[in-house]
Amino acid sequence: MKAAPFEYLRATSLDEAIEALGTPDARALAGGQSLVPLLNLRQARPSLVVDINRLDELSFLRKENGRLEIGALTRHRAVETSAVVRSEIPLLAEALGHVGHVAIRNRGTIGGSLAHADPAAELPAVMVALDADFTVRSASGERTVAARDFFLGPHRTALGRGELLTRISVPSHRGGWAVEELSRRSRDLALVAVFATVTMTGEVCESARIAVAGAGPTPIRATAAEASLTGGPMTGDAIALAAELAAAATDPPGDLHAPADYRREMAAVLTRRALARAKEGA
Amino acid sequence: MITVTLTVNGRTYRADCEPRRTLADFLRHDLGFTGVHVGCEHGVCGSCTITLDGASARACCLLAVQVDGSEIVTVEGLASDGELHPLQESFRKHHGLQCGFCTPGMLATATELLKENPDPTDAEIRQAISGNLCRCTGYQFIVDAVRDAAR
Ligand SMILES: Cc1cc2nc3c(=O)[nH]c(=O)nc-3n(C[C@H](O)[C@H](O)[C@H](O)COP(=O)(O)OP(=O)(O)OC[C@H]3O[C@@H](n4cnc5c(N)ncnc54)[C@H](O)[C@@H]3O)c2cc1C
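Protein chains in written order, with the working numbering: chain A, 1 to 282; chain B, 283 to 433.
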């Protein structure tokens with residue numbers, strides 16, 4: 001199919017983009033890796049497409065006060081292959097390797113993936129696991145939204161009309177970590193994926209973070225599972241219990257690709273594997 | 283209508299198009315690069331993969347207006363001075379062509395793979411081309427062709 005007609009504006013400044021995004025049914029265009037397919041299939045019919053690709057000020061990656069600051073327009077591949085990301089937040093680099101194939105990652109952007117808010121996408125869950133903060137800009141100024149408050153439902157976020165996601169701030173993480181993903185085809189969206197980080201003192205778990213993608217309307221942070229691990233030894237039994245608690249926190253969809261029960265069961269299996277691997281690396 | 287300027291296979295082209303025109307349709311229908319094959323139109327099949335400013339990209343998942351000013355290489359630009367590109371030669375030798383529909387996208391993907399990883403393992407080759415669907419299921423020959431071209 002072909003896209004329905006729309007007006008097009010190539011924004012030359014952030015202010016211009018934000019003003020244009022105030023138009024009813026306007027949509028930002030970043031990498032286009034989700035929006036253009038939606039246009040082609042006429043699942044999206046915006047009145048105006050605001051192309052933000054020329055806004056170079058939205059494309060950056062730098063270390064600042066123990067955090068990684070990422071411009072919304074930074075391409076997946078640039079983040080994935082960055083030496084700073086590999087050393088400061090290897091979980092993020094590894095997770096990005098699962099985001100589509102290289103041709104998709106060459107064009108897709110960090111901000112686009114987060115704003116698109118696909119419940120089966122890797123980045124939203126990773127950001128929830130890592131306690132990232134998002135900067136959102138509108139004509140009335142800037143506000144910060146925590147990743148866990150940003151995702152409201154499938155393809156629904158805290159972004160309002162006339163708001164642009166501009167910056168993603170992620171705390172460094174050098175403890176143990178793991179990505180476990182089940183998908184129908186290598187590098188496709190997840191049927192279920194689990195992102196875990198663990199820090200340990202000796203045999204005792206100091207902190208654990210677990211987020212699950214593909215198992216609910218938004219990424220799911222498995223807080224009960226995290227609490228069950230914190231402060232105790234990370235034995236096989238402790239990990240098995242945490243995996244059951246994580247699965248219990250999910251609310252998976254059932255569709256022709258996988259029934260809900262199967263996804264929930266896989267959430268437990270993948271959490272168990274992820275925690276075991278994250279513990280090894282901690 | 284918006285005027286779009288692109289450098290394709292070393293030559294500069296200017297043409298008008300609607301904002302909704304995908305890069306794939308612009309290259310294929312407006313500029314005549316029929317090696318850009320349009321399959322699924324939502325990024326899954328990989329047959330429209332081209333090289334855009336030095337990196338692989340799905341031409342169906344981009345608007346032509348979005349990449350105004352870019353440099354593109356299509357399958358038509360791989361051969362030079364009447365000599366096939368080593369990958370093209372290898373695809374021919376190993377029967378990696380089959381019906382030929384996925385071939386331009388496979389070549390763009392394999393070109394990028396070998397640029398970044400001149401000596402890939404079979405697993406790495408399979409991983410790289412797993413984003414390009416071959417409906418003849420000729421993957422083994424394609425893997426053979428890429429491995430041989432890497433030598
Ligand atoms: C074949 C294929 C496979 C894929 N596989 C995966 C996968 O396995 N995992 C995965 O996570 N993703 C996958 N994707 C999606 C890919 O990651 C996209 O890059 C991403 O979802 C969208 O990023 P984009 O920059 O291309 O955004 P666009 O497509 O340009 O935009 C997406 C949405 O976000 C909005 N938007 C973009 N930027 C901003 C901003 N700064 N502020 C506010 N709103 C904004 C747009 O208006 C639009 O609604 C796949 C895509 C394809 C085509």
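The hints are simulated quantities; they were obtained by calculation from the structure and are not laboratory data.
Hints should not be assumed to be uniformly reliable.
Said to hold, decoys possible - Straight-line Cα separation of at most 25 Å, SDA-like style, residue types lysine to any residue; simulated pairs: (1) A:Lys-2 <-> B:Glu-300; (2) A:Lys-2 <-> B:Gly-351; (3) B:Lys-397 <-> A:Val-84.
Evaluated hints:
1. A distance of roughly 12 Å separates the Cα atoms of A:Lys-2 and B:Glu-300; the hinted pair therefore holds under the 25 Å criterion.
2. The hinted pair formed by A:Lys-2 and B:Gly-351 meets the criterion: a straight-line CA distance of about 23 Å does not exceed 25 Å.
3. Taken as a hint, the B:Lys-397 and A:Val-84 pair is honoured in the structure, with Cα atoms around 23 Å apart against an allowance of 25 Å.
Comparing the model with each numbered hint stated earlier shows that all of them hold.
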